[in-house]
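Protein chains in written order, with numbering that gives the first Met the number 0: chain A, 0 to 228; chain B, 0 to 267.
If you're looking for bench data, these hints aren't it; they were derived computationally from the structure. Check each hint, because a few of them may be wrong.
[Unchecked claim] Once the Cα atoms are required to be at most 27 Å apart in a straight line, the calculated BS3-like pairs of lysine-lysine come out as: (1) B:Lys155 / A:Lys112; (2) B:Lys247 / B:Lys180; (3) A:Lys112 / B:Lys176; (4) A:Lys73 / A:Lys36; (5) A:Lys112 / B:Lys247; (6) B:Lys180 / A:Lys112; (7) B:Lys124 / B:Lys56.
[Stated by the list, open to error] Okay, the calculated bits of chain B under chain A, using three or more residues with CB under 8 Å as the criterion: (8) 148–162; (9) 166–176; (10) 253–260.
Here the structure is a predicted model, which means the values were calculated and not measured. Ideal Cβ positions, reconstructed from N, Cα and C, are used throughout, including at glycine.
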Amino acid sequence: MASHKLEESTIIEFCDVSFGFSVLTPLFEGISISIEKGAFYLIQGPSGVGKSTFLRLMNRLEEPVSGEIRFKNKPLSDFSPPRLRRAILYVQQTPTAVNGSVEDNLLLPFSFKTNLHLKKPGRERIEALLENVHLNGVEMNDHARTLSVGQLQRLCLIRGLLLSPEVLLLDEPTSALDKESAIAVTALLARLNVESHLTVLSVTHRTYGQENVPYRCLEMRDGRMEESP
Amino acid sequence: MTGTVIEIGPYQLILALVFILLAGGASLYHGLRLEKDLLVGTIRTFAQLFLLGYVLKFVFRLNSVWPVLAVFLFMIVFATRIIRSRIKEKQVAFFWPMLVSMVISYALAAILITGVVIGAKPWWKPQYFIPLGGMLIGNSMNAVAISLDRLLSDLKERRQEVEMMLCLGADYHEASKDMVKNAMRAGMIPAINSMMAVGVVFIPGMMTGQILAGADPLVAIRYQIVVMVMIVGATAMLSFLGVRIVCKLCFGPAQQLLLRPEKHGKRD
Chain A
0 MASHKLEEST IIEFCDVSFG FSVLTPLFEG ISISIEKGAF YLIQGPSGVG KSTFLRLMNR
60 LEEPVSGEIR FKNKPLSDFS PPRLRRAILY VQQTPTAVNG SVEDNLLLPF SFKTNLHLKK
120 PGRERIEALL ENVHLNGVEM NDHARTLSVG QLQRLCLIRG LLLSPEVLLL DEPTSALDKE
180 SAIAVTALLA RLNVESHLTV LSVTHRTYGQ ENVPYRCLEM RDGRMEESP
Chain B
0 MTGTVIEIGP YQLILALVFI LLAGGASLYH GLRLEKDLLV GTIRTFAQLF LLGYVLKFVF
60 RLNSVWPVLA VFLFMIVFAT RIIRSRIKEK QVAFFWPMLV SMVISYALAA ILITGVVIGA
120 KPWWKPQYFI PLGGMLIGNS MNAVAISLDR LLSDLKERRQ EVEMMLCLGA DYHEASKDMV
180 KNAMRAGMIP AINSMMAVGV VFIPGMMTGQ ILAGADPLVA IRYQIVVMVM IVGATAMLSF
240 LGVRIVCKLC FGPAQQLLLR PEKHGKRD
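Whole structure, please, built from the sequences with the hints as guidance.
Following this line, the structure appears as structure tokens:
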């Protein structure tokens, strides 16, 4: 594992953040951590410790009980939630598609008001991305709900990438993939991380292909988050 | 109105209880354990309707706008309470916003019907405003309860889909559009169905009442048409307002979905 030093500027900062689903049972207490721009983080820790919640706090699907989270040195509340979520894009653990074709699903984000000004990706770009994650057998007019969970998981990742986020939050992105596909996904993420300085935070228990990627490790345990050496 | 009404005396009322005895017997025979509910229901029916009768008689005699509006408001508060109690989902507190939207919708619809369509003078004339308002509230209350129940259960069941859209830059309107549409449709369908079946499958209560009271059936049907159209209109208006308001309350300031699964466990 090598430390990745593309840019040392902080993109997201947790300042003394605490969170709990009820007042009596806090999940985190006083987390203070800086996420460096262009870095690739793996978030690890035992099940149920709050790794997904840590990701969801960054795009305001959850709100901290106390403390502050900053993005590009401004509080998250300074950004409109839809714009913030497009910039800090979270790909859920359970891949979810709407009723429609693969193309409908890939272009879904471009039908939302916040994204209307964005140029729809061309077929070439979509096909190149699909090929990168071994989805070249999938036709654009296939019904999305006929895809396997593994295929759907990659489709959801590509759908997010088409919005060109600045930070990508991944929740077990390879959990339903075979080894070969998992390596392909990791390779694509590593390429985007190096070439486009995409900041990646990935909660994962499986690290196929990760040995070739310079990454940093965040360890979550007992309500605390620490960067492990 | 023409004709005479056959008055129902105390003995006839007691005789009508034979039907409750029959229902109670059936409950006992089949072990349904509904006897207590039947008894309470019967007592409440007698008590509430007698009370209503005396209140209406009093209000009619006062012939002033304030008691009429007080009765109307009382009915709306109770309807809101019934809606709240029928909806299993308790994570969203919507009693007060719902009450305000119900007062606005029902007041608009009732004033429009009595004052403009029927042309009662004054618009709050008790024998028009109170029964018509009551029918409006009673019928559309069910529709609103169905709509809201559907909205809340859909938002909870399809939480993943809603959050997926939010994560891709949708605002809460866009993320919940499908659920809002389904909820409004679910609330509207019973009212539309009853418009389809009226006069063929059933004779509505109001029309029956007027005919029993000796009104010309052709006058009674006109009132019934006005009432049915009014109910559909108010149901649509209230479903739209209620579903929108409650949907907004389901999302937090960051447009994050606040409804959580019943027993929320820790996330990974």
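Quick rundown of the hints versus the structure:
no.	hint	in the structure
1	B:Lys155 / A:Lys112	holds, 24 Å
2	B:Lys247 / B:Lys180	holds, 14 Å
3	A:Lys112 / B:Lys176	holds, 13 Å
4	A:Lys73 / A:Lys36	holds, 15 Å
5	A:Lys112 / B:Lys247	holds, 18 Å
6	B:Lys180 / A:Lys112	holds, 19 Å
7	B:Lys124 / B:Lys56	holds, 13 Å
8	148–162	holds (count 3)
9	166–176	holds (count 6)
10	253–260	holds (count 5)
When each numbered hint is compared with the structure, no violation occurs for any of them.
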